[in-house]
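Engineer: Each chain, letter by letter, is given below.
Protein chains: 2
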Amino acid sequence: MPVKSSEELLMLFFQYLEQQKFEKPPYSLYEPMAYIMRLGGKRLRPVLALMGCQLFGQPPDKALPAAMAVEIFHNFSLVHDDIMDQAPLRRGQPTVHSRYGLSTGILCGDVMLIEAYEYLSQCYDRAPLILLLKVFNRMAIEVCEGQAADMDFEQRSDVTLPEYMLMIEQKTAALIGAALQLGAIIGGASEKDRQHINLFGRMIGQAFQVQDDLLDTFGAPETFGKKTGGDIVQNKKTFLLLKALELADASTRKQIETYYRPEVACAEEEKIEAIKSIFLRLGIEEAARKAKEELQEKALQHLAAIAAPDERKEPLLAMADMLLHRST
Amino acid sequence: MPVKSSEELLMLFFQYLEQQKFEKPPYSLYEPMAYIMRLGGKRLRPVLALMGCQLFGQPPDKALPAAMAVEIFHNFSLVHDDIMDQAPLRRGQPTVHSRYGLSTGILCGDVMLIEAYEYLSQCYDRAPLILLLKVFNRMAIEVCEGQAADMDFEQRSDVTLPEYMLMIEQKTAALIGAALQLGAIIGGASEKDRQHINLFGRMIGQAFQVQDDLLDTFGAPETFGKKTGGDIVQNKKTFLLLKALELADASTRKQIETYYRPEVACAEEEKIEAIKSIFLRLGIEEAARKAKEELQEKALQHLAAIAAPDERKEPLLAMADMLLHRST
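Sequence order for the protein chains is A and B. Counting from 1 along the first sequence, just add 15 to a position and that's the residue number in my numbering. Counting from 1 along the second sequence, just add 15 to a position and that's the residue number in my numbering.
Simulated from the structure, these hints should not be mistaken for laboratory data. Careful, some of the hints might be misleading.
Since the list gives no way to pick out one identical chain from another, each pair is judged satisfied if it fits inside one copy or across any two copies.
Claimed, not checked - Derived pair list, reagent style DMTMM-like, types lysine to aspartate or glutamate, alpha-carbon separation capped at 20 Å:
#1 K39 - E184
#2 K36 - E157
#3 K57 - E285
#4 K39 - E178
#5 K39 - E157
#6 K305 - E284
#7 K291 - E301
#8 K328 - E206
#9 K39 - D165
#10 K39 - D167
Please model the entire structure based on the sequences and the hints provided.
Structural biologist: This is the structure we're talking about:
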């Protein structure tokens, strides 16, 4: 059985997605679901589920319903997060609640969460259902806890870097790890290999988030795709800010805190430049890059430790490369 | 093994509820969940799950996690419905979103839905998990579809009685049927008996809703507990209204529609009296009572058809009586 590349697995998932009948009555409930599911996105998580299955020598299409469960779950979380963040746009299009109203946004998210479980159940003849459920439930709860922590952080001024790393692990990385794990379970992975693939996914996910923080402040606008400095303007707690607060002496810390006080009005450009120069003085860009590389390195060690032929690891390596070698 | 009464099963559930650690970090997420779970309510659905298990000769405590899944699901749906209905109070206390904010209300509901699946998973060694999941997923999807239909009805003027009966089946009765079914699966019921107990629950649930519609308009205020006529004032599509529109001749129908036009301002008492007198003229009170009794009768036939000793059916009969013999 030839190993399928990332692109081939994406095609496989697209074909399956096309076959799904999301639009059914009552349309007031399912049209919004079909809308968000067809809005695009990288389809990264379902492809990872398929890769996790293939890694252990099973045909990746065995994991298609699990891949769909993961993709629907991801979109459910976007629909509800967009309400909480009062976001008008998602992927350049109106968010579900801004297009269909708040109540529909809530209800559409709810039914998507249930549909995710419904797709997961379809794997009952391919793997122990209790194991799939345990992994999925644990992940789903982590995502909610991460979202709660993220919202708490906005109100807090004493967030630490370890707290931040846990939050991004829960909110973002847990789903990457779970996608791979669900595929691996269907692929017949051992308990040990399942842990390795989970940690591989989590660390890639965390590294990706640290890279995202880096790009937002230090990225080249032409490759990053949007103006840099957004996180600074929005007072967001990021790896960079929290690392800076950790390393700063008392007077520098005070200087940073002054710029982040909500009542301090100062020109956006001035604030961005001031904070960036403090970051540079403290070596934060380098520290973040190092943290990202350490996570990436550890992730690759977990992948290396898995008992599977190298050629089946190739698509995962390529995916990690693609995610983490964006120009910073 | 002596058959446990409704009261004894309620005690059993309460003891189990007390043992649960809902309050854990992050408290911003779990305190609201603990709040709504401890707010009270009849605990009807979990008790029905325990009864469903006992009916087939198994100790009811085997169904405790499934009972909790059903109770958490019910409360999840209340938390999100209260947001959609903009309801400030629930059981005389502030609703979750009015106490903790919209975002927390949404997120708290989400984590409760996941926790319901987590409790259901705990039954994996007591019954085929795929069967429990199928019943639970089907029910959960029906509840969402029922809620969507209920919201659609507010915007529509052409709702029919069969549509209404389907909506209350989905929104209310499906969960009653599923609670009983989950217990029955754990109790080891045959496929046929599982269908009977499901239909028993659904029909009791529908009968209860028809009774509720009756009481809202024709109940004695002292037994109903609140002022009658609320549904009429709020232009709600109820069994009574839809039956009246079905039976009315063209001129009576026009008369009804005039009172229900949103732009028609008329004193509440005048509207209530006018509509009630039309209902009486058309024999609606009697028709509703008959519909309720027919549902109840069919429900009891399904219970009678189940292969289980009469003494184990007793608690279910008593529960149905309690629910359906409120003074109208």
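Engineer: Does each hint fit the structure? Answer for all of them.
Structural biologist: Hint-by-hint comparison with the structure:
1. K39 - E184: For K39 and E184, the Cα distance is within 20 Å only across copies (19 Å; inside one copy 36 Å).
2. K36 - E157: Between. Shortest inter-copy distance 17 Å satisfies the 20 Å Cα cut-off; intra-copy 29 Å does not.
3. K57 - E285: Classified as neither: same-chain Cα gap 35 Å, cross-chain 60 Å, threshold 20 Å.
4. K39 - E178: Between copies only: 16 Å across, 43 Å inside.
5. K39 - E157: Between. Shortest inter-copy distance 13 Å satisfies the 20 Å Cα cut-off; intra-copy 31 Å does not.
6. K305 - E284: neither (27 Å within a copy, 74 Å between copies)
7. K291 - E301: Within. Shortest intra-copy distance 13 Å satisfies the 20 Å Cα cut-off; inter-copy 77 Å does not.
8. K328 - E206: within (18 Å within a copy, 45 Å between copies)
9. K39 - D165: between (35 Å within a copy, 17 Å between copies)
10. K39 - D167: Classified as between; 15 Å across copies, 38 Å inside a copy.
Of the hints listed earlier, those the structure fails to meet are numbers 3 and 6, in rising order.
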